Amino acid sequence: MTSETKSPGFFSRLAHPGQFLVWSRYLVWPLAGLTVILFAIGLYLALVASPADYQMGETVRIMYMHVPNAWLSMMCYGVMAVAAFGTLVWRHPLADVAAKSAAPLGAIFTAIALLTGIVWGIPTWGTGWVWDGRLTSMLLHFLIYLGIIAMWFTFEDQHRAGRIIAVFTLIGVVNLVVIHYSVEWWSTLHQPASVFTAEGPKMPLELLTPLFVNLFAFSFLFATLQVVSMRTEIMRRRVAAMQRQAAMNRGAAPSPEPAR
Amino acid sequence: MIEAGMHWDYVATAYAMSLGLILAVIVWVAFDARRQRLKLAALEARGIRRRSARAETQAGPETGTP
Numbered sequence: 001m002t003s004e005t006k007s008p009g010f011f012s013r014l015a016h017p018g019q020f021l022v023w024s025r026y027l028v029w030p031l032a033g034l035t036v037i038l039f040a041i042g043l044y045l046a047l048v049a050s051p052a053d054y055q056m057g058e059t060v061r062i063m064y065m066h067v068p069n070a071w072l073s074m075m076c077y078g079v080m081a082v083a084a085f086g087t088l089v090w091r092h093p094l095a096d097v098a099a100k101s102a103a104p105l106g107a108i109f110t111a112i113a114l115l116t117g118i119v120w121g122i123p124t125w126g127t128g129w130v131w132d133g134r135l136t137s138m139l140l141h142f143l144i145y146l147g148i149i150a151m152w153f154t155f156e157d158q159h160r161a162g163r164i165i166a167v168f169t170l171i172g173v174v175n176l177v178v179i180h181y182s183v184e185w186w187s188t189l190h191q192p193a194s195v196f197t198a199e200g201p202k203m204p205l206e207l208l209t210p211l212f213v214n215l216f217a218f219s220f221l222f223a224t225l226q227v228v229s230m231r232t233e234i235m236r237r238r239v240a241a242m243q244r245q246a247a248m249n250r251g252a253a254p255s256p257e258p259a260r
Numbered sequence: 261m262i263e264a265g266m267h268w269d270y271v272a273t274a275y276a277m278s279l280g281l282i283l284a285v286i287v288w289v290a291f292d293a294r295r296q297r298l299k300l301a302a303l304e305a306r307g308i309r310r311r312s313a314r315a316e317t318q319a320g321p322e323t324g325t326p
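Residue numbers (the numbering used here), protein chains in the order written: chain A, 1 to 260; chain B, 261 to 326.
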């Protein structure tokens, strides 16, 4: 008799939650170290070594916090959308772990982008908030994050939650398109894209360098926190499974802590 | 170098808010990780095993749930 069982491929084995816990352990400290180094350089460039802007003056330094966080808020959602696809198509156990871990991080990056935008707007525009396309769609983006986090806490069965939230997450991708094109579709106080344009960056190198170093710093911070949060989520689900097992061993009605 | 008096208070507020929120999320992620690690260690010390962990022991690490 021949075995019909197909051996899982290299990437399937790597993405197995148990294997992920093994190899990701060695990623955390190098990622954290790189993040600290990049933040040290980024903050030095942003606050000490870079010049003031000829129009914005010293408030240009707020951009080095605002823009990386705005980009990261969208990238985080991109990670969640890819994970949602993985949940719905392959039902991969690590996909909804990744999606759940990224949601609070994305919410924090979005909150920072919104708050620093308000602080920058007061001296520059004369107002911290206007209900225009970019700011409103960004606020909606933040509320979508909060909705997704609330949904993870609402469902006790996290595997079922993963599938429902995956559908919701993919619908929310529409808002990423709205955020991106909002400055072109509607009249707004917010400036149009000035870094990634067809003609190249519309910004001098003295301002681009601190911007990109801080973008890398925040990206590595996200990677570090994402890996740690995914490890924690796997452990949380194991704790819930073991508590269920302990309750069954006792012969009592299972009353485990939900894996939230 | 940043000059005092040129909206430095807005710059300081933006950086303080950003770094404050970042520090808060780092502390929360680290605290949550530690709490789950301790819970898992306590359950393992009581000799409790997941069903899938027992299956993994028999069939290798390719099976099982998170």
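Simulated from the structure, these hints should not be mistaken for lab results. Model, not experiment: these values are computed from the prediction. Glycine included, every Cβ here is placed at the ideal spot set by N, Cα and C. Careful: at least some of the hints might be erroneous.
To give a feel for the contact side, a few chain B residues facing chain A, derived at Cβ under 8 angstroms [what the hints assert, rightly or not]: (1) M266; (2) H267; (3) V271; (4) L283; (5) V285; (6) Q296.
Taking the hints in turn, this is what the structure says about them:
no.	hint	verdict
1	M266	holds (4 angstroms)
2	H267	holds (5 angstroms)
3	V271	holds (5 angstroms)
4	L283	violated (11 angstroms)
5	V285	holds (5 angstroms)
6	Q296	holds (4 angstroms)
Hint check: a violation occurs at hint 4 only; the rest are consistent with the structure.
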